[in-house]
Amino acid sequence: MRHLAYVVYGSALLALLAVAEYRGWSLLRTSETRNVPRSVRDNPGAYRSPYVGGGRYLGGK
Amino acid sequence: MVAAPPLPVRALSCPHCGAAIEQRGFDHTRNVVCASCLSVLDATDPGLRVLRTFAQGLRVQPLIPLGTRGRVGGAPYEVIGFQQRSIAVDDERYAWREYLLFNPYRGFLYLTEYDGHWNLVRTVRGLPERRQERGRLTARWGGESYRLFQTSEASTDFVLGEFPWEVRLNDRVEVRDFIAPPRLLSAESTEDETTWSLGDYVTGAWVWEAFGLPGQPPSATGVFANQPSPYAAARAGLWRLFAVFVLALLAMAAVRFAPTPALVLRESRQLAPGAAEPYVTESFAVEGRRAALEVEIRSDVSNSWMFVSFALVNEATGRAVDFAREVSYYEGVEGGERWHEGSRDDRVRVPSVPAGRYYMRVAPELAPDAARPVSYVLTLRRDVPSGGFFFAAFLLLLVPPVWVTTRASAFESTRWMESDFAGPTGSAPRADDEEEDDS
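Chains as they are written, first to last, in this note's numbering: chain V, 1 to 61; chain A, 1 to 439.
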């Protein structure tokens, strides 16, 4: 019984992996913006990105 | 199918108290214990001479009443005797019960019960060989090796019914149990002789069904010496299946990682300290099915950070996918030792990008206190496989066999905790822990 359950579990896992790879899934956090005006090409600074600069100091021992 | 003949019974009465006694073992029976007054009677005497009148302080009710008939191995057997025996470990007594089963054509069997664990026991006709295997004391019988589990001194606390031996309360014998689950090989030694018996672990449900007993058997508590591990067989099978899955995973990885992902865009740029100038890339085509698009940044940033926000814009639909990355790299010498942390490079998979024409709006930002400008290369590739997903799948495949292996080890530890040689994973006794005897 455990073997059958593992066969189902493992097969489902590999199938999920295959779908994830085929469809190009990713764990990246993104946000979507609709209707980006064409003028962005001429004036990239006019675009409001939801992500604002970092600048945290991560260095040093 | 021919019904088994009814087992014959000889009706007698106790000469001590007059209670009715049924004798089923006939010539095999040496002693009968009266169920009423618990007197031990000489069954070889036609008048059932009273051997001893016991004032047994203990009265134990058998779970299987005397006279109960059942089928064992296809043959009818009747319960004709019952005794409770015990051992003392660390000043605590552990008692088990033994039922004597009789078939006039096949002889005797024993059914033992301890804490809901049952064994069907038969006497061994032969002498198992005691030997040391890999420094451990074992007994070999029937081509199988049994590991010593426990040595104890057992005494008889209560008797009832018929016995093919002379019954003596508080008789003491040395008992040595050797195990090879689901079997248990026991040696009972007195000063004069050693008797070997072989037990097979059976469940309470099996006993109840074999003897047609009403209700449910008492549930088993803990792990018994020769109780078969429910995990041991599953463990080997799961690891074999795991190997098959890993091979399948490797095959999938070979298919995915072998082709070089298509290059979509590559741009080199330079960024001055404190600068934050957004720009757009040239237009590029993303082809094929809906798939991931990898964005890679390779920079020469040093002792500073660079933050980049991206918008991947579909020219036709005007939809943009926004995301951001940061690279930071710090290095130096401290106490004569070089150190560094962070990374100059980063890569990310934009999920499920459909085919179409795109451009990217890139807004890089370099730390204002950066000592020098930073050069970086932005690369976009199509349908790049995710090593992380493959690694995660490997770990998730590993979970069930590791869990079962852990459970199997815990089961064996619990088993051997009850032995004379309590230790992790059932460390059986070393030969020099036990003195050999010549029995």
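Honestly, the hints are just simulated from the structure, not real lab data. Check each hint, because a few of them may be wrong.
Pair ranges (Cβ atoms, derived) [stated by the list, open to error]: (1) F257/A with Y9/V: 22 to 28 angstroms; (2) V377/A with A46/V: 25 to 31 angstroms; (3) V19/V with G143/A: 47 to 53 angstroms; (4) R34/V with V399/A: 36 to 42 angstroms; (5) R290/A with A46/V: 26 to 32 angstroms; (6) A46/V with P373/A: 22 to 28 angstroms.
To list a few chain A residues with every Cβ distance to chain V over 12 angstroms, as calculated [to be verified]: (7) D42; (8) L120; (9) R290; (10) A292; (11) S309; (12) A311; (13) R325; (14) P354.
For clarity, every value in this text was computed on a predicted model and none was experimentally measured. Glycine is no exception: its CB is placed at the ideal position from the N, C-alpha and C atoms.
Verification of the supplied hints:
no., hint, verdict
1, F257/A with Y9/V: 22 to 28 angstroms, "24 angstroms, holds"
2, V377/A with A46/V: 25 to 31 angstroms, "26 angstroms, holds"
3, V19/V with G143/A: 47 to 53 angstroms, "51 angstroms, holds"
4, R34/V with V399/A: 36 to 42 angstroms, "40 angstroms, holds"
5, R290/A with A46/V: 26 to 32 angstroms, "29 angstroms, holds"
6, A46/V with P373/A: 22 to 28 angstroms, "25 angstroms, holds"
7, D42, "54 angstroms, holds"
8, L120, "25 angstroms, holds"
9, R290, "6 angstroms, violated"
10, A292, "3 angstroms, violated"
11, S309, "4 angstroms, violated"
12, A311, "6 angstroms, violated"
13, R325, "9 angstroms, violated"
14, P354, "10 angstroms, violated"
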